[in-house]
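Protein chains in written order, with my numbering: chain A, 1 to 416; chain B, 1001 to 1927; chain C, 2001 to 2088.
Since the hints were made in silico from the structure, they are not lab data. Take these hints with a grain of salt, some might be off.
[Claimed, not checked] Calculated cross-link-like contacts (lysine-lysine; reagent style DSSO-like; alpha-carbon spacing at most 30 Å):
#, chain 1, residue 1, chain 2, residue 2
1, A, Lys56, A, Lys98
2, B, Lys1440, B, Lys1430
3, B, Lys1024, B, Lys1351
4, B, Lys1815, B, Lys1830
5, B, Lys1351, B, Lys1453
6, B, Lys1770, A, Lys18
7, B, Lys1109, B, Lys1430
8, B, Lys1453, A, Lys22
9, A, Lys65, A, Lys22
10, B, Lys1816, B, Lys1629
11, B, Lys1541, A, Lys155
12, A, Lys268, B, Lys1109
13, A, Lys53, A, Lys98
14, B, Lys1796, B, Lys1541
15, A, Lys30, A, Lys56
16, A, Lys268, B, Lys1815
17, B, Lys1548, B, Lys1796
18, C, Lys2025, C, Lys2050
19, B, Lys1577, B, Lys1770
20, C, Lys2050, A, Lys65
21, B, Lys1830, B, Lys1816
22, C, Lys2050, B, Lys1816
23, C, Lys2050, B, Lys1387
24, A, Lys22, A, Lys53
25, B, Lys1541, B, Lys1577
26, C, Lys2025, B, Lys1815
27, B, Lys1387, A, Lys65
28, B, Lys1830, C, Lys2025
29, B, Lys1815, B, Lys1629
30, A, Lys30, A, Lys53
31, A, Lys268, B, Lys1430
32, A, Lys268, B, Lys1024
33, A, Lys18, B, Lys1109
34, B, Lys1430, B, Lys1387
35, B, Lys1577, B, Lys1548
36, A, Lys56, A, Lys22
37, B, Lys1440, B, Lys1387
38, B, Lys1577, B, Lys1796
39, B, Lys1796, B, Lys1816
Quick caveat, the model's predicted, so the values are computed rather than measured.
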Amino acid sequence: MTRYSAFTLFREGLRGHKGWSKAWRSPEPKPEYDAIVIGGGGHGLATAYYLAKNHKITNVAVLEKGWLGGGNTGRNTTVIRSNYFYPESAALYDFGVKLYEGLSRDLNYNIMFSQRGMIVTAHSEHDMEMAARQTNAMRLNGVDAELLDRDQVLKRIPLANTRPDCRHPIHGGVLQPRAGTGRHDAVAWGLARAADSRGVDIIQNCEVQGFITEAGRCVGVETSLGPIRAGVIGAATAGHSSVIAQMAGLQLPITSYALQAFVSEPLKPVMDTVWLAPPFGTYFSQSDKGGLVIGGGLDRVPSYGQRGNLPMQETVLAGLAEMVPALAKVKLLRHWAGIVDVTPDSSPIIGPSGLDGLYLNCGWGTGGFKSIPVGGSLLAHLMATGQHDPLSQPFDLTRFPTGRLIDEGAASGIAH
Amino acid sequence: MTLRLPTGGLIDRSKPIHFTFDGKLCQGYHGDTIASALLASGTRILGRSFKYHRPRGLWGAWVDEPNAIMNVTLDGHVFPNCLATTTYLQDGMAARAVNAWPSARFDLKGGLDLFHRWFAAGFYYKTFMWPDWHLFEPLIRRMAGLGAVSPEHLDTYTSDQTHDRCDTIVIGGGPAGLAAAEAAAQAGQNTLLVEDHADLGGSAHQLPTIEDTPTADWIAARQSAIQSAGGRILTHTTAFGIYDHGLVGLAQSGPFGTAPRLIRLRATRIILATGAIDRPLTFANNDRPGIMAVDAAAEYLARYATLPGRQIALLANTPQADTLAAQLTQAGAQVTHVDPAQSPLSARGGKHLTALQAGDRTHPADTILASGGLTPLVHLWRHAGGKLDWCDQRNAFLPGTPPGNMTATGAANGTFDTDEALEHARATGKNTPTQRPDPKHHITPHWPAPGSKGRQWIDFQHDVTLKDVELAARENYTSVEHLKRYTTLGMASDQGKTSNMPGLAAMAAIQGRPIPEIGTTTFRPPFVPVPIEMYHGAHTKQLWNPLKRLPLEPQHRAAGAALGDYGGWLRAGWYGKGSPETQAQSEARMARQTAAIFDASPLGKIEVMGPDAEAFVNFVYYNTISTLKPGRIRYGFMLTEGGAVFDDGVIARLDANRFVISCSSSHVDSVRTHLEAWRQDGNDPDRIFIHDTTQHWATLTVTGPRARAILDTLDLDTDDFPHMSLRETSWQDTPLRLARVSFTGDTSFELSIRASQAPALWSALLDAAKPLDAGPIGVEALSILRAEKGFLMIGKDTDGETMPHDLGFTDPRLKKSPPFVGDRSLHTDKANAPDRKQLVGLTVPAGAPPLPTGAHVVTDDETPRSLGYVTSSYLSPTLGRPIALALLENGTNRMGDTITAWHLGETRQATVSPPCALDPEGARLDA
Amino acid sequence: MQIFTCPFCGPRDEREFHFAAEAGKTRPDTTRQIDPETWATYLHAQRNDKGRTREVWMHLPCSELFLMERDSVTMEVFSTHPLRKEPQ
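Take these sequences, add in the hints, and give me the full structure.
Below you can see the structure in the form of structure tokens.
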């Protein structure tokens, strides 16, 4: 693997870039590995990377049915944050942010983690009370948070709607300074390259079609390229977790929906932070290329279609136009959708699947990108040791029978 | 020197239009686009490329243009990122090339091109990691981006939305589209034809005659036939996307700067007649100003009577090129035909083209017209889920397996011969199944040749070259999606219209695989960029989320109310001119000392009726309701199946089979849905009926020690009227429901009357209150009164996990035996946990200020841990001291304990006390 | 937007509808002992089928629940039936 640096870039520039090696190999699958990771998205690739890095397990195959990073990792709005309420969530996601903070160097691949901050605005006195509760929760959980008043918000978001006829005027907000955005494809590619360089086989265009079980234990997978056996298997297949689970005879507490995202034409810099305005349901940031990256709520029709329809497009974009009227005449360039796996408490499922030898890392809903490194490292830990790390224990499937849901939506007062 | 011809075209030479480009005064005509006017005036450089800031001219004449992007100012308003080829000229426009300073011609950043060898695809992934990405990011962000946004919002430019339907929509008003629409309309189909240009005709304008008729006459005849047969035609209208269930998204453009009208069109049948665009040829310096598509040159000549140049090298082997060569020569240009098969090819000259080098021959030229063949515009086909087939003869992807109810015709279907296209289109319009004719002409492929010399552009706007594709292949970003994302080819604002085909052909050639095996990236709406504004319509400002209004709103205003948003209703927060705090305090004081009138109309009133109503409400409620007698009221909770308190409120029984559920004003719709779902799922819905009467009744609360006196004045009998009971009576011959229920802890009555009669009742109550020095109170004061009694507000003093036993309501969980919603969930590990957060009161030391709402109660460790939080906090005028409510772990076992409240790093002390701070015995209820 | 056909009101815009649940779940008899796994399965387990699905939806303007069979990949709607009567 050629090391990336300003020096090697300069040298290769002189040589017509002929000296760069492959970012990853395209190996044929072996009949057996020590470990198989199903899913070549961010979480799956991170799992393989951390198996190699943290546990020295390198005889690993990542099986990806399409092109690596082609699922939700290639479709999200790139936000990285840990502004959660419950201690379990805060610990999980903030460890994720910490991993992201060192990731470019660890991987020797610039993932462009830009910690430009994220603001969730408050639009009423009740909202401000909840914002205070949230800010305090974050700080008590050891996560950076600031409670902003209206002027402080407007200083950071000068284009925000201050018109007198605004339906939901800004009262203030909660800022997480360490939150920000990252280049989503680069996360997948950087992890793939790093895992591959440590000996992990990334097998693309290889679809898992079933599990091979012996004496009640999962010992391998049937794939479109033939059977592959392994000592331990982890599944990180966002958007297809129920499909994979069904192959193992399991039902998960997951409903899959289409989540749409949007990007505008490139503009000169107008927005330096990430902003979510809850009454409008819309959030956005501006990429380094200049496009506004916009997201909002799910299309509330269960779907595997990876596409959405006009009603949610209209809602999300109308929300943006209300948040920043000056951006209304900016043009939308592209929209797309991923498949998000939503759990009853909108918290992930990490842990044993119920079938011996198979571990799950799924159910991240709309929050998978920010948690790629932490999800991968926790699944790797489970696969390598057979035990939970304290960070992943609360997110085990057993929380549903015990009632110990970690429901961030509930934290904001909504019983559902 | 002008390239405009003295006659011809669709422009109106009697209407000259003046505009500026990069500060220079220019002139065009009505019917011109900015691009055509600039081309005619001899402007060769209209923009700069995104990365290398290379000078660029026009490649295309419509949506296929990748380079000429401008910020356009009109009437003082700046519109970013306008595509010059699709922006019709208007007088007074000031256009500026984006991403170029001071002008496209003399861009200072043009020097970046000297360093291109270090800015290859993906260079930013390989560096900028040390010391920190944040050091490099601001500069990169300033270098990136195209148009600039001005901060002002334009009130006059509003957007409009509508629905429409038709039997058949024909997308594209060129020859095939016109013929298909005519055939469909004449066959009796309700037909709509949409065309994105100002004029119908499409590529027809490039021909002098069609079917032996002068083209203008032929087009007019089609238009007339369509309209006579009842068909409709919309010009300036782009079909930008096709969505599930046959919905076509149309953007109908109006005057410049206005948002297009969004037309959501449902069509039974969709005919795609969107035409085709030229593929560029990939050769050394193929991005130079003066290199244009063959089809674009034909358009400039036909529509705008403009030559692309004077000395033209025609680098194409297509029949269209031959036709064009004759027309250009006739118009006075010098045309040299050059076979693209010769190699190597390279363009000579920098800002101005001087020659085309082909093999060892040099052809002097100021313009090169290039085409590798036509690519059908199949985007909408793919949006709808249709498949594509690769055609070796045409070297293009054609519409293959159709999505339901969609067909393609004309050039969009790979039929480039006019006669064949018309025949196929007419059959398609009539809905006669018809085969795509075989191609008349086989295109010799001229795909990029990996390893060949020189800088050869694949994506013009994003400056992606053949070497970048080779690099991507070398590094194993070989799947078509990896190629696109790694090099960014196809991700510019033209969305790969001219770059996708050369890009995947290059990758195919590098890998030695056939093109169809590489595949295409996903086509997604919108087909062209559309303003965000188009999506909002009337869903803006106050209409974003219209407030619910009270029947008594005029009365509140007359009483001096400060109206605000409370749970989605416009309600009186307080009355009078003082500050909210002062008014709330004085209103609360008045309510406790004498009496107060409160408009409680938004409170939900959902009636549940029928022979099984009693069993039903008993099932839906946590509390036992079956024992509630007619005429009585009970406070209770509805839970989710997860056991959390979903809503709280009182339920009144009117008779054996009739109940009225009073639910939170902000939860009425969700409660009704909740009730309906349980009614229909698992019960006999013919024995239970649910009716939301919230908006039919206005409810006025009279509360306080003198409440009875006020009701006496209205001749409303309050003798023998137990607390938590209800009577149906009347007032002034109007039915009135009189309930004795208290949200303040004082003697309190709720008067519910038909909404239309509410003003009269309000006036009467206020008149009766005045002599007692009593009057109206708002939501703010009521909140204080409730908090003094520990009466929770759902969603504020509860969170989404709070269960009824956390609030002190423990009996049903232990004793209620019939099933009820959420029952089993009240006995999980979590429900039984000893550290559950319970509702408590908090009392601060004497003289201390109120606790901040949102402060957390914390442990006394080095690193404090949260034990809960303050949910409500007020200065109590009744008690003369602060009061607060909180959810606290194991709170009910901590009564009397001192706790620490933490807010933004500061700490306060408080004592845990019962939630009810005032009159716990309830003596005030019976004053 | 998508069009769903309420069995009572006819074809309507998707915005008028609310997805209630997957079809086929029965509430356990809570007068008997129910172990935590059974209750959790009732509350939370989903088939979440990729492809043909059977779902219960509510048409909000008329509040009626109905059964809808559709495809969660192609979005094709196969049928809608009132909830109370099983389709023939």
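Against the structure, the hints:
This hinted pair checks out: Lys56/A and Lys98/A have alpha carbons roughly 22 Å apart, not beyond 30 Å. Among the hinted pairs, Lys1440/B with Lys1430/B is consistent with the structure: their alpha-carbon atoms are about 24 Å apart, no more than 30 Å. About 18 Å separates the Cα atoms of Lys1024/B and Lys1351/B, which keeps this hinted pair within 30 Å; it holds. Between the alpha carbons of Lys1815/B and Lys1830/B the distance comes to roughly 19 Å, so the proposed pair stays at or under 30 Å and holds.
Between Lys1351/B and Lys1453/B the alpha-carbon distance is near 21 Å, which keeps this suggested pair within the 30 Å criterion. Only pairs whose Cα atoms come within 30 Å are accepted, and Lys1770/B paired with Lys18/A is rejected, the gap being roughly 91 Å. Restraint check for Lys1109/B and Lys1430/B: the C-alpha separation of about 56 Å exceeds 30 Å, so the hint is violated. A distance of roughly 23 Å separates the Cα atoms of Lys1453/B and Lys22/A; the hinted pair therefore holds under the 30 Å criterion.
The hinted pair formed by Lys65/A and Lys22/A meets the criterion: a straight-line CA distance of about 21 Å does not exceed 30 Å. Pair hint Lys1816/B plus Lys1629/B holds up; C-alpha atoms about 18 Å apart against a cutoff of 30 Å. Annotation: proposed proximity of Lys1541/B to Lys155/A holds, straight-line Cα distance about 22 Å (limit 30 Å). A hinted pair counts as satisfied when its Cα atoms are at most 30 Å apart, and Lys268/A with Lys1109/B qualifies at roughly 15 Å.
Straight-line distance between C-alpha atoms of Lys53/A and Lys98/A comes to about 17 Å, which keeps the hinted pair within the 30 Å bound. For the given pair, Lys1796/B sits about 27 Å from Lys1541/B by alpha-carbon distance, which is consistent with the 30 Å threshold. A hinted pair counts as satisfied when its Cα atoms are at most 30 Å apart, and Lys30/A with Lys56/A qualifies at roughly 19 Å. Distance restraint check for Lys268/A and Lys1815/B: the Cα-Cα separation of roughly 66 Å exceeds the 30 Å cut-off, and the hinted pair is therefore not satisfied.
For the hint linking Lys1548/B to Lys1796/B, the alpha-carbon distance of about 21 Å falls within 30 Å, and the restraint holds. Under the criterion of a C-alpha separation no larger than 30 Å, the hint pairing Lys2025/C with Lys2050/C is consistent with the structure, at around 18 Å. Simply put, Lys1577/B and Lys1770/B have alpha-carbon atoms about 19 Å apart, close enough for the 30 Å limit, and the pair holds. Between Lys2050/C and Lys65/A the CA atoms are separated by roughly 16 Å; this keeps the pair inside 30 Å, and the hint holds.
Between Lys1830/B and Lys1816/B, the direct Cα distance comes to roughly 20 Å. Compliance with the 30 Å bound is thereby established for this hinted pair. For the proposed pair Lys2050/C and Lys1816/B, the alpha carbon gap of about 41 Å is over 30 Å, so the pair is violated. For the hint linking Lys2050/C to Lys1387/B, the alpha-carbon distance of about 21 Å falls within 30 Å, and the restraint holds. For the proposed pair Lys22/A and Lys53/A, the alpha carbon gap of about 20 Å is at most 30 Å, so the pair holds.
Between Lys1541/B and Lys1577/B, the direct Cα distance comes to roughly 27 Å. Compliance with the 30 Å bound is thereby established for this hinted pair. Of the supplied pair hints, the one linking Lys2025/C and Lys1815/B holds, its CA atoms being roughly 27 Å apart against a limit of 30 Å. Restraint check for Lys1387/B and Lys65/A: the C-alpha separation of about 20 Å stays at or below 30 Å, so the hint holds. About 24 Å separates the Cα atoms of Lys1830/B and Lys2025/C, which keeps this hinted pair within 30 Å; it holds.
With a C-alpha separation of about 20 Å, the suggested pairing of Lys1815/B with Lys1629/B holds against the 30 Å cut-off. A threshold of 30 Å between alpha carbons decides the hint, and for Lys30/A with Lys53/A the separation of about 21 Å falls inside it, so the pair holds. At most 30 Å may separate the alpha-carbon atoms for a hinted pair to count; Lys268/A and Lys1430/B exceed this at roughly 50 Å. With a C-alpha separation of about 23 Å, the suggested pair Lys268/A and Lys1024/B falls inside the 30 Å cut-off, and the hint holds.
Between Lys18/A and Lys1109/B the alpha-carbon distance is near 27 Å, which keeps this suggested pair within the 30 Å criterion. Taking the CA atoms of Lys1430/B and Lys1387/B, the gap is near 23 Å; set against the 30 Å cutoff, the hint holds. With a CA separation close to 24 Å, the supplied pair Lys1577/B and Lys1548/B stays within the 30 Å bound. For the suggested pair Lys56/A and Lys22/A, the alpha carbons sit about 23 Å apart, so the restraint of at most 30 Å is met.
With a C-alpha separation of about 23 Å, the suggested pairing of Lys1440/B with Lys1387/B holds against the 30 Å cut-off. A hinted pair counts as satisfied when its Cα atoms are at most 30 Å apart, and Lys1577/B with Lys1796/B qualifies at roughly 28 Å. Between Lys1796/B and Lys1816/B, the direct Cα distance comes to roughly 27 Å. Compliance with the 30 Å bound is thereby established for this hinted pair.
Consistency note: the structure conflicts with the earlier hints numbered 6, 7, 16, 22, 31.
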